[in-house]
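Heads up: the protein sequence lines correspond to chains G and W, in order. Per my numbering, the very first residue in the first sequence carries number 19; after that it's consecutive. Per my numbering, the very first residue in the second sequence carries number 19; after that it's consecutive.
None of these hints come from the bench; they were simulated from the model. Just so you know, not all the hints are guaranteed correct.
It does not matter which identical chain is used: a pair holds within one copy or between any two.
The list that follows gives simulated cross-link-like pairs (lysine to aspartate or glutamate, EDC-like), each with its CA atoms no further than 20 Å apart [what the hints assert, rightly or not]:
hint : residue 1 : residue 2
1    : 182       : 46
2    : 253       : 46
3    : 318       : 100
4    : 182       : 81
5    : 181       : 347
6    : 302       : 219
7    : 40        : 320
8    : 61        : 100
9    : 134       : 320
10   : 335       : 320
11   : 47        : 254
12   : 47        : 252
13   : 135       : 291
14   : 181       : 43
15   : 119       : 304
All of these numbers come straight from a predicted model, not from anything done at the bench.
Protein chains: 2
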Amino acid sequence: MKLILIGYGTVGQSFTRIVLTKQKELVEKYGFSPKIVAIVDSKGAIINPEGLNLKKALKIKEEGKSVAVDRAYGHLNMSGLEAIENVEADIMIEVTPTNVKTGEPGLSHITAALKKKMHVITTNKGPLALALPTLLELATQNNVYLKFSGAVGAGLPVLDFAKKISLGDRIVAIRGILNGTTNFILTRMEEGIPFKNALEEAQKRGYAEADPSLDIDGIDTACKLVIMANWIMDKETTLRDVRVEGIRNIALEDVRDAMKRGFSVKLLGFINEDLVVKPTEIPKQDPLCVKGILNAITFKLELAGEETIIGRGAGGKETATAILRDLLEIAQTSVIM
Amino acid sequence: MKLILIGYGTVGQSFTRIVLTKQKELVEKYGFSPKIVAIVDSKGAIINPEGLNLKKALKIKEEGKSVAVDRAYGHLNMSGLEAIENVEADIMIEVTPTNVKTGEPGLSHITAALKKKMHVITTNKGPLALALPTLLELATQNNVYLKFSGAVGAGLPVLDFAKKISLGDRIVAIRGILNGTTNFILTRMEEGIPFKNALEEAQKRGYAEADPSLDIDGIDTACKLVIMANWIMDKETTLRDVRVEGIRNIALEDVRDAMKRGFSVKLLGFINEDLVVKPTEIPKQDPLCVKGILNAITFKLELAGEETIIGRGAGGKETATAILRDLLEIAQTSVIM
Numbered sequence: 019m020k021l022i023l024i025g026y027g028t029v030g031q032s033f034t035r036i037v038l039t040k041q042k043e044l045v046e047k048y049g050f051s052p053k054i055v056a057i058v059d060s061k062g063a064i065i066n067p068e069g070l071n072l073k074k075a076l077k078i079k080e081e082g083k084s085v086a087v088d089r090a091y092g093h094l095n096m097s098g099l100e101a102i103e104n105v106e107a108d109i110m111i112e113v114t115p116t117n118v119k120t121g122e123p124g125l126s127h128i129t130a131a132l133k134k135k136m137h138v139i140t141t142n143k144g145p146l147a148l149a150l151p152t153l154l155e156l157a158t159q160n161n162v163y164l165k166f167s168g169a170v171g172a173g174l175p176v177l178d179f180a181k182k183i184s185l186g187d188r189i190v191a192i193r194g195i196l197n198g199t200t201n202f203i204l205t206r207m208e209e210g211i212p213f214k215n216a217l218e219e220a221q222k223r224g225y226a227e228a229d230p231s232l233d234i235d236g237i238d239t240a241c242k243l244v245i246m247a248n249w250i251m252d253k254e255t256t257l258r259d260v261r262v263e264g265i266r267n268i269a270l271e272d273v274r275d276a277m278k279r280g281f282s283v284k285l286l287g288f289i290n291e292d293l294v295v296k297p298t299e300i301p302k303q304d305p306l307c308v309k310g311i312l313n314a315i316t317f318k319l320e321l322a323g324e325e326t327i328i329g330r331g332a333g334g335k336e337t338a339t340a341i342l343r344d345l346l347e348i349a350q351t352s353v354i355m
Numbered sequence: 019m020k021l022i023l024i025g026y027g028t029v030g031q032s033f034t035r036i037v038l039t040k041q042k043e044l045v046e047k048y049g050f051s052p053k054i055v056a057i058v059d060s061k062g063a064i065i066n067p068e069g070l071n072l073k074k075a076l077k078i079k080e081e082g083k084s085v086a087v088d089r090a091y092g093h094l095n096m097s098g099l100e101a102i103e104n105v106e107a108d109i110m111i112e113v114t115p116t117n118v119k120t121g122e123p124g125l126s127h128i129t130a131a132l133k134k135k136m137h138v139i140t141t142n143k144g145p146l147a148l149a150l151p152t153l154l155e156l157a158t159q160n161n162v163y164l165k166f167s168g169a170v171g172a173g174l175p176v177l178d179f180a181k182k183i184s185l186g187d188r189i190v191a192i193r194g195i196l197n198g199t200t201n202f203i204l205t206r207m208e209e210g211i212p213f214k215n216a217l218e219e220a221q222k223r224g225y226a227e228a229d230p231s232l233d234i235d236g237i238d239t240a241c242k243l244v245i246m247a248n249w250i251m252d253k254e255t256t257l258r259d260v261r262v263e264g265i266r267n268i269a270l271e272d273v274r275d276a277m278k279r280g281f282s283v284k285l286l287g288f289i290n291e292d293l294v295v296k297p298t299e300i301p302k303q304d305p306l307c308v309k310g311i312l313n314a315i316t317f318k319l320e321l322a323g324e325e326t327i328i329g330r331g332a333g334g335k336e337t338a339t340a341i342l343r344d345l346l347e348i349a350q351t352s353v354i355m
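Just chain G, with the same shape it has in the complex (with noise of 0.2 Å):
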């Protein structure tokens, strides 16, 4: 099964290392050996027909240099655009930054992969958030997969999980931790830590996303909530519709106060009639009350009551599982193995 994978910063990184140390588990298990023909960075690609050597790939990007200066393979300048056009193979991955006022460059990407009938792996909420319902019918009408399990809560499956018990029963309202990266800060913050000195731990750390404001206004969530709307509530929503607040304002006091009444304030998004992104007030024995990097959706069911499930909401090895994933389900369908 031939892949391009376009975006190569952590999560692309990830999931080449992760290709490269399963090989064998992969052959044997599922009898799955996926060859990366293209990856596209920011300054160019790098294309092998025959697949690419995934190593010397990693090698050149620890170095700090674009995939693109590898003198047998490399293309400078190449754009993610050029090698769908030029490139042949199943699966496109796309794994570039997230953009939430345009979706760009992943939406022209997506579509362009779709169109060329390929199957399609994102965890770009961008494109997902503003045009998701487009984006499947889309896939639809090519008789391929769109597949985005990473978007929401990286390897935790919650897109999966929710479809399971939607199954005869029905999700009447979504509440949640859906950013690790507020979480970790607003945890910090309990531990006495000031907002502004948690940010910048969280981004030495690799957490926040590129541009901070992402996380800590409350649009990465809002993005999440969106995509969980459209796709397991049938709800057919955007970005505009979310009414979202952030963490900004949270001051150290309002930390403290909580935590005297048994409370810990949260960045949760809300799926009701409305969808709402604010910091909230939780009870320490809600379940959803998680500390650090975590991530907790709880699901109100009509039948079956509340159900919760908790995980590593970041981070680019935990993504990358979801994409392999993904992966291996769509193997699992074809016979292009």
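Following the hints, put chain W in place on chain G, whose structure we already have.
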């Protein structure tokens, strides 16, 4: 699709109640109209190849009688095995009480139905804990499904979640609260209620198994460990392989003492190298540390870290939703709806 329902206690009745109330929705949303053609309780059967009147069956049970008293369709003293032998159906649903010594009568029901090429759905832990590998093989030989989503976690899809996160990753260990009754008792003990009184309260509320020793001596938890070890982790184990210690000897002061140090005493099941059930102190901030009848299970993954799911792990209605989910999954891959 024609169904035989064997066992008509809390779970069986809840299931027919859901089928009744969801009739229209099942047709509209899934094109699925199940027809229950036989119900068997401990005193006999009621059979109608055209589909039973479920309202009437429920009313008879509410009056404390056997379904077999029905004049037109009742068969006094007909056994489950005789019903399987004599009634044509696509699926047999087995929800008789759990027997961990012999697995009977469930084991014989499941075996007979599979041999007659019926799909089987069960929530009966006895036969599964004693003979899961054999039963799965029998199902495969006869080209039918054996589904048991409700046997672990009731409505909470523990087994399906575990399968999903295993894809491309690997579960290295599992630990969890798998029995709601003991968790309810231990929670009440934290509130100062002695063990005996808390157990009585659990029985009054209908949480405890018919034989409460299954709960409090850890046997129910052990059964669930065996099912998970076999199904999720491909470990061929049986009940005899589990080291089991229940909560009978936990005193109020043990619970109080742990609380003072920021811990809660929980009855945990562990799957590592060995299968172990034992009362364990866990920190209050551990996602596993849930209260009341909730279940919570943490899966430790090679790549994605720890993932936890939490929900009501008991209850007739909750368990019945798992049966409906299994049923819809069979229906969706079958031609007869």
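Do the hints match the structure? See the list:
1. In this assembly of identical chains, the alpha carbons of residue 182 and residue 46 lie at most 20 Å apart only when taken from different copies (19 Å versus 28 Å within one copy).
2. For a Cα distance limit of 20 Å, the shortest separation of residue 253 from residue 46 across copies, 18 Å, qualifies, whereas the shortest one inside one copy, 41 Å, does not.
3. With identical chains, the CA atoms of residue 318 and residue 100 are never at most 20 Å apart, being 45 Å at best within one copy and 41 Å at best between copies.
4. Taking the closest pair of Cα atoms, residue 182 and residue 81 never come within 20 Å of each other, the shortest separation being 43 Å inside a single copy and 36 Å across copies.
5. In this homomeric assembly, residue 181 and residue 347 come within 20 Å of each other (Cα to Cα) both inside a single copy, at 15 Å, and across copies, at 12 Å.
6. Taking identical chains as interchangeable, the C-alpha atoms of residue 302 and residue 219 are never at most 20 Å apart, the minima being 24 Å within one chain and 26 Å between chains.
7. When the C-alpha separation of residue 40 and residue 320 is checked against a cutoff of 20 Å, the pair qualifies only between copies, where the shortest distance is 12 Å, while the shortest distance within a copy is 41 Å.
8. In this assembly of identical chains, residue 61 and residue 100 lie within 20 Å of each other by CA distance solely inside one copy; the values are 13 Å within and 73 Å between copies.
9. For the identical chains of this complex, residue 134 and residue 320 are neighbours neither inside a copy (41 Å) nor across copies (35 Å), given an alpha-carbon limit of 20 Å.
10. With identical chains, the CA atoms of residue 335 and residue 320 are at most 20 Å apart between copies only, with a shortest distance of 11 Å across copies and 35 Å within one.
11. In this homomeric assembly, residue 47 and residue 254 come within 20 Å of each other (Cα to Cα) only across copies, at 18 Å, whereas the closest approach inside a single copy is 39 Å.
12. When the C-alpha separation of residue 47 and residue 252 is checked against a cutoff of 20 Å, the pair qualifies only between copies, where the shortest distance is 13 Å, while the shortest distance within a copy is 35 Å.
13. In this assembly of identical chains, the alpha carbons of residue 135 and residue 291 never lie at most 20 Å apart, being 36 Å within a copy and 46 Å across copies at closest.
14. Taking the shortest Cα distances, residue 181 and residue 43 sit within 20 Å of each other only across copies (17 Å), while inside one copy they are farther apart (28 Å).
15. In the homo-oligomer, the alpha carbons of residue 119 and residue 304 never lie at most 20 Å apart, since the shortest distance is 35 Å inside one protomer and 38 Å across protomers.
Of the numbered hints listed earlier, those contradicted by the structure are 3, 4, 6, 9, 13, 15.
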